[in-house]
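As you go down the protein sequences, you meet chains E and S in turn.
For the record, in the first sequence the residue sitting at position 11 is 11 according to the numbering used here, with numbers rising by one throughout.
For the record, in the second sequence the residue sitting at position 150 is 150 according to the numbering used here, with numbers rising by one throughout.
Quick caveat, the hints were computed from the structure, so don't treat them as lab data.
Only a predicted model underlies this, so the values are computations on that prediction, with no experimental measurement involved.
Even for Gly, the Cβ is constructed at its ideal location relative to N, Cα and C.
Please note: incorrect hints may appear among the correct ones.
Claimed, not checked - Covered stretches of chain E (in silico footprint by chain S; criterion: 3 or more residues with CB under 8 Å from a CB of chain S, positions within the stretch not fixed):
#1 26-36
#2 49-59
#3 111-122
#4 141-150
Stated by the list, open to error - Pairs of lysine-lysine residues, derived as DSBU-like cross-links and limited to a Cα-Cα distance of at most 30 Å, are as follows:
#5 S:K68 <-> S:K6
#6 E:K288 <-> S:K112
#7 E:K112 <-> S:K288
#8 S:K112 <-> E:K289
#9 S:K289 <-> E:K112
Read off the chains here:
Number of protein chains: 2
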Amino acid sequence: MSTDKKGGIYSPVVTPFGADLAPDGQRLVRHCRWLLGQGVGLAVFGTNSEANSMSAQEKMGLMDDLVKAGIAPGRMMPGTGCCALTDTVELTRHALAHDIHDVLMLPPFYYKGVSDDGLFASYSEVIQRVGDASLRIYLYHIPPVSQVPLSIPLIQRLLDAYPRVIAGIKDSSGDWSNTQAMLQSVQSPDFNVYAGSESFLLDTLRGGGAGCITATGNVNPAAIVHLYETWQNEDADRQQAALNAVRQAFQQFSMIPALKAAVASYGDDPDWFRVRPPLLALGDAQAKKLITDLDKLGFSMPGLNQKAGHIG
Amino acid sequence: MSTDKKGGIYSPVVTPFGADLAPDGQRLVRHCRWLLGQGVGLAVFGTNSEANSMSAQEKMGLMDDLVKAGIAPGRMMPGTGCCALTDTVELTRHALAHDIHDVLMLPPFYYKGVSDDGLFASYSEVIQRVGDASLRIYLYHIPPVSQVPLSIPLIQRLLDAYPRVIAGIKDSSGDWSNTQAMLQSVQSPDFNVYAGSESFLLDTLRGGGAGCITATGNVNPAAIVHLYETWQNEDADRQQAALNAVRQAFQQFSMIPALKAAVASYGDDPDWFRVRPPLLALGDAQAKKLITDLDKLGFSMPGLNQKAGHIG
Chain E
1 MSTDKKGGIY SPVVTPFGAD LAPDGQRLVR HCRWLLGQGV GLAVFGTNSE
51 ANSMSAQEKM GLMDDLVKAG IAPGRMMPGT GCCALTDTVE LTRHALAHDI
101 HDVLMLPPFY YKGVSDDGLF ASYSEVIQRV GDASLRIYLY HIPPVSQVPL
151 SIPLIQRLLD AYPRVIAGIK DSSGDWSNTQ AMLQSVQSPD FNVYAGSESF
201 LLDTLRGGGA GCITATGNVN PAAIVHLYET WQNEDADRQQ AALNAVRQAF
251 QQFSMIPALK AAVASYGDDP DWFRVRPPLL ALGDAQAKKL ITDLDKLGFS
301 MPGLNQKAGH IG
Chain S
1 MSTDKKGGIY SPVVTPFGAD LAPDGQRLVR HCRWLLGQGV GLAVFGTNSE
51 ANSMSAQEKM GLMDDLVKAG IAPGRMMPGT GCCALTDTVE LTRHALAHDI
101 HDVLMLPPFY YKGVSDDGLF ASYSEVIQRV GDASLRIYLY HIPPVSQVPL
151 SIPLIQRLLD AYPRVIAGIK DSSGDWSNTQ AMLQSVQSPD FNVYAGSESF
201 LLDTLRGGGA GCITATGNVN PAAIVHLYET WQNEDADRQQ AALNAVRQAF
251 QQFSMIPALK AAVASYGDDP DWFRVRPPLL ALGDAQAKKL ITDLDKLGFS
301 MPGLNQKAGH IG
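Between the sequences and the hints, there should be enough to build the whole structure, so can you do that?
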């Protein structure tokens with residue numbers, strides 16, 4: 001692992017919505033402060049943030065709220081990849097204007113079966129339009145959702161063309177052999193491979209990867225960060241198994257509503273249950289089952305509900 | 001077929017882009033005028049319009065251009081369905097503000113495997129937020145691209161809840177048995193089923209459907225409209241076969257670039273070749289092959305290049 005590599009654990013931060021389903025900047029700031037206190041970075045506007053259920057304007061407004069509240073730009077990796085070239089460019093520029101240099105970028109995901117040439121053209125066009133040498137793009141490979149995969153030859157071509165800009169990838173294929181191929185085949189000393197969930201954290205670190213960007217970073221951050229920091233210890237496999245058990249409790253349900261149910265329940269803040277359609281909030285019985293199962297694992301979210309943490 | 005039913009042929013109008021890839025309102029107006037002259041309605045901002053490669057702002061700007069140029073609002077059926085609830089609501093309201101009442105609405109398409117309850121909640125939320133009794137939604141079922149299908153029970157449930165608003169569907173499943181099921185199973189006298197391509201036009205009309213909304217409406221409108229108007233004539237099957245042959249020539253290539261290549265070539269206006277990434281324009285050899293094959297079929301686009309038609 002090159003010493004130039006970045007690394008760590010990021011949480012695709014869940015987005016709170018008000019009764020009118022408008023994004024709630026104040027609650028988001030509060031959750032981000034808690035997450036930072038637990039040691040995870042903020043991959044705001046990821047899949048688990050319901051980012052694509054929000055307009056570009058709504059996301060830019062939340063970015064403004066976070067920066068205004070003093071959340072460190074260097075700890076953020078906002079998702080800025082949209083279907084529309086112009087939205088992607090606008091969001092990315094907005095991040096840079098706030099001194100946020102790391103972005104996680106989906107390919108345009110409406111059209112399916114597009115060519116590597118077309119995807120290369122997409123990322124190129126964004127990079128050239130943004131035109132800022134301080135931009136660091138983390139590619140976002142999540143074929144189960146986007147249905148638009150990023151092949152290793154495409155990644156290599158982007159790296160060769162933009163070695164300073166293409167900083168890494170999040171692999172949410174859910175396929176360890178794919179992560180392994182990225183770790184082994186991509187030719188660049190500074191390419192940061194993040195696993196898309198903590199299920200592959202230990203394997204990823206052992207393979208020279210950078211860490212993970214994981215849904216459950218929203219709820220179980222300290223334990224995931226602990227494995228990241230101590231992965232060469234003897235108890236690493238035991239730690240990984242404990243992380244898997246917690247993740248399993250969430251995976252019984254639709255992940256985003258389950259994450260929000262945990263934040264709502266452990267933080268005693270029912271507004272957190274809300275999701276935007278097409279997702280549906282967890283029902284009472286499901287939420288109860290989730291919490292019961294988590295309690296059995298000794299799970300907790302210490303210090304979560306610090307309602308005093310208002311936007312300054 | 002109920003006499004209340006609407007019907008006809010619509011074209012998902014291809015969107016011209018300038019050298020800077022900005023949408024070109026003037027060229028769009030010109031193409032829309034030509035299409036209207038050929039007898040097809042304007043399903044602007046459809047899949048073949050690269051609608052999801054444009055921001056909501058860009059689409060609203062084009063809508064303004066069209067209306068300002070005197071394009072009849074009653075002949076438009078803009079696509080307004082986006083991933084983000086707020087974008088869908090904003091675009092739909094913008095259409096209504098221009099006296100455009102018919103819209104073609106994709107479900108939110110980022111999250112996959114969502115429930116019918118979640119999709120029902122999505123459409124409900126849009127309908128309630130827009131809050132305009134004159135809204136007519138045509139559902140847009142295009143699982144090969146959106147990867148988010150609209151089931152017949154969901155369609156029926158939406159119709160039962162919003163009988164005046166849910167006006168019909170475009171079935172771009174490419175699966176005739178599905179269109180047939182929609183024609184036969186949906187219980188509503190005023191539900192308009194549009195085939196997603198002219199390949200199924202004759203079958204759709206024979207089954208009591210409303211017409212079709214088809215990519216090749218951009219290039220072969222008069223012949224498709226002719227079949228629509230004379231489908232009970234003896235030569236209907238022969239007409240259908242001739243339409244299929246033209247479509248086949250386009251289907252050798254990626255459809256959107258091929259449509260644009262035809263508009264560019266027959267209209268002697270090379271700017272039309274341009275697409276936004278992740279799509280790629282047809283190469284010279286491909287374009288030549290397309291035109292050669294179309295010429296062999298006696299294909300033409302009479303009156304296409306009327307550059308005098310500036311925005312007033």
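Structure-based check of all given hints:
1. 26-36: As far as the stretch 26-36 of chain E goes, the hint is violated, because 0 residues have Cβ atoms under 8 Å from chain S.
2. 49-59: Coverage by chain S holds here, the residue count being 7 at a Cβ distance below 8 Å.
3. 111-122: Holds, because 9 residues of the stretch 111-122 of chain E bring their Cβ atoms closer than 8 Å to Cβ atoms of chain S.
4. 141-150: holds (count 5)
5. S:K68 <-> S:K6: Judged against 30 Å, a Cα distance of about 26 Å means the pair holds.
6. E:K288 <-> S:K112: holds (25 Å)
7. E:K112 <-> S:K288: holds (25 Å)
8. S:K112 <-> E:K289: holds (24 Å)
9. S:K289 <-> E:K112: Cα-Cα ~24 Å, so holds.
Checked against the numbered hints above, the structure breaks only hint 1 and satisfies the rest.
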